[in-house]
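Protein sequences appear in the order of chains A and U. In terms of the working numbering, the first sequence has 305 at position 305, counting the first letter as 1, and numbering is strictly consecutive. In terms of the working numbering, the second sequence has 412 at position 412, counting the first letter as 1, and numbering is strictly consecutive.
FYI, nobody ran anything at the bench for these hints, they're computed from the structure. The reader is advised that the hints may include incorrect statements.
Mimicking EDC-like on lysine to aspartate or glutamate, the simulated pairs with C-alpha atoms at most 16 Å apart in a straight line are [as the list claims (entries may be wrong)]:
(1) U:K29 with U:E9
(2) A:K181 with U:D370
(3) A:K205 with U:D327
(4) U:K394 with A:D6
(5) U:K57 with A:E309
(6) U:K5 with U:D67
(7) U:K394 with U:E375
(8) A:K181 with U:E374
(9) A:K82 with A:D6
(10) U:K251 with U:D67
(11) U:K251 with U:E443
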Amino acid sequence: MKRIFDAQLIGPFAALVIVSLVVALTTERFLNPGNLSNLSLQVSIVALIAIGSTIVIFAAGIDLSSGSMVALLTMIFALMLKFVGVPLVLAVPLILVAGAFLGLLLGLITAYGRIPSFITTLAALIAFRGLALTFNNGSPIFSLDPALEPLFYGKFVGIPLPFFYLVFFYGLAAFTMNFTKLGREIYAVGGNPAAAVLTGINVRKVQAITFVIAGFMTAVGAVLMSARLNSGSPNYGQTLELQAIAAAVVGGASLAGGRGNILATLMGAMTIVIVQNGLNLNAAPSSVQNIVLGLIILLAVGIDMWRTEISALVARVSGRKPEAEAAAGKKAG
Amino acid sequence: MNASKPLWEFVDISNAYPGVLANDSVCIKLLARSIHGLLGENGCGKSTMIKTLSGVKQPDGGQILKDGQPVQIPSPQAARAMGIATVFQEFSIVPTLSVGENIFLGNMPRSSLGVVDWKRVHSDAAAVLAEMEVDISTEAITGQLSVGEQQLVEIAKAVAMRASMIVLDEPTAALGEDEIERLHQLLRTMRSKGTGILYVSHRLDEVERIVDEVTILRNGRVVRASGETKINVREIVTAMVGEDIGEHYPKERNAADEVVLEAQGIATSAGVNDVSFELRRGEVLGLGGVLGSGRTEIARALFGTDGLTAGRVVLNGRPAAFRGEMDAIRAGLALVPENRKFDGLFFNFRASGNITAASLGKLTRFGLLDLKREEQATQGLIDDLDISAQAEEKTVNFLSGGNQQKTVIARWLFSSAEILILDEPTQGIDIGAKIAVYNLINELTRDGKSIILISSDHDELLAMSDRIAVVQQGTIRRIADAAELNHDDLVRASAETGRNREQGEVLA
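Construct all of the structure, not just a fragment, from the sequences and the given hints.
Structure representation (structure tokens):
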């Protein structure tokens, strides 16, 4: 357990607490149960997709395709339910497999075709959206299945189901990253691919697997998106990939790969959603929300980059000896 | 010489980093017309001192005097303006630009219209190179030059700005014997013209050859400063390590008769040509030769990195066809690469993650890593190899070069590799760590593992190998017992390569 809850969580957790406090103090409705339950619904889709985005980032890749893939998968899902007549219990697993398969495709092109993941998934970002528009003349498909909505809006012992999805998938991801061979290999490939080759790790396979995971988690997000709106649409998921990457970055994952804690991504996603919620409750227009989101991303990475400068500044302001001098003094004495 | 007034004086310089006092009241006097050696083990504070005097880091205490006047060096630009030029280990040349452009980078001669005066760039650069007695075309693309030549370009930058003091950080780490001699000749010329030189090196044989004065640091303090002309290597080692280390090369002979690996006429498109040799159980087979002679390429051929175009590798009596590194590792080979930073270490892991990276399968049951066993096993190795206690607290980028290298080798102690290829295993690490690496080699061969040792340090190669294969132009010229070879054989072999090539050209 010590491994899962390590020091990398402190920063993102502190950010989450501070943001929550500010929103709680500036708005009246933030802490009422309705709003909190609404928040967990809001955060769930982006946070689940962000699991995949983060794991791809851990292996020093990037996945820009998830937003468009959500649109494509909701359309396929809707077609299956509405026009082909596939039962829901079968359609859901089929969509999850489809997502994993699309991820595999991107992974193979990236890892074995040696095309940088930024390019592969940028191409997919554009092409998947186009592909989604080819179904049903580019129109959304509504009223899919009455049993679909409870997947998103349902509750168990009074708690919204998406909360349990988050617990389950983040638990599984944290376990995989910290306690399995695969998790260690993902960090190794992201940390130094050249060294990973020389230690006998199948670097390409590991890279491809991260995209399979990302595709699968995107499919989970797509199913929930369809359930939430009981529909499929080629317009769903716009900029969702960027929100997912933002969640990873705010959670402290290094885009250079190899560093980060998957649970911090959940905190990053929650921080972002709570800020948006706070602005909503204070009736800020959506333009302002986007500006604030941009600033949060800069701030999150900036705090990480300027850590030494900030601690020196804090030391000077508080009149305390910097850690270095204190240690030096100890040694000299 | 001691009577001349110092050019620069660094008085009681102190530098602190979180948790360490890197420099503790260090005093160095740098004279004109003098080559001053700065020595010490890794982590002794040399690098911090270099950063201070090149303006990269502001000292936390002490005083800097230039010609007796107190000054500050607020930035690298200021250092250059004051006449201190620093040639760092990582070069600051732009590989895609010409030699002339690099020499005047940031300071290009301009015509009256304000555009770069290309004629003058190249004529001025040529003048600088001529003054250094270096024969490199100013039009050449710098990245296509040899490492040694690139370094000369780096020094030419310093000469072009008329630096009165040149700081060289490990200048010979990547150079062959010929190139080192050429560099030393250049430094002597510059000294005679009045330039002061601060020379930082791990290679003690060089220091003896070229340095006028030495300052030795240990744990951030000056332990010895000498103005003697005659410098004794053994005394230096003792001062650096802090104890008399006795045997510098603790060689054990563990070679058995059994052949574990045999190369039969192997060739690759990377230039390996008809290479044949046998490696025995417990043996250390040295590959000697200059940089670029094909030693690393032979290692790559054995390891499956470059595909064989001819010949075959026989492993334990059975032909082995490696399609890549993974096959080689599975068959029990291991490569400790020349550049541990580039393809050796995982800087996002602590020592344990680095040590177990090649043997995760060993720690895995039902897909799960046995973290407790990982911790116990790696702690054992960390203790055995005397790797810093910090190794398990922080990621390995906080470790010194020697500790990093020990960590990389420990990875293969933990694995079940039977044949290890060590490519320059002691490059850039201090004496204490070098000896630890030698002891590791002994420990490995005692366990019946075999080693192919690639080293540009001839003394080390001669002392630590059982047999040595002299490599030239991608092929093995001669294999002999290390005892039958001497320093001259290796150096002459390197020199002959160039001469043969010249003769060949004349004949053609």
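Hint check results:
no. : hint               : in the structure
1   : U:K29 with U:E9    : holds, 5 Å
2   : A:K181 with U:D370 : holds, 10 Å
3   : A:K205 with U:D327 : holds, 15 Å
4   : U:K394 with A:D6   : holds, 12 Å
5   : U:K57 with A:E309  : holds, 14 Å
6   : U:K5 with U:D67    : holds, 8 Å
7   : U:K394 with U:E375 : holds, 14 Å
8   : A:K181 with U:E374 : holds, 12 Å
9   : A:K82 with A:D6    : violated, 47 Å
10  : U:K251 with U:D67  : violated, 49 Å
11  : U:K251 with U:E443 : holds, 10 Å
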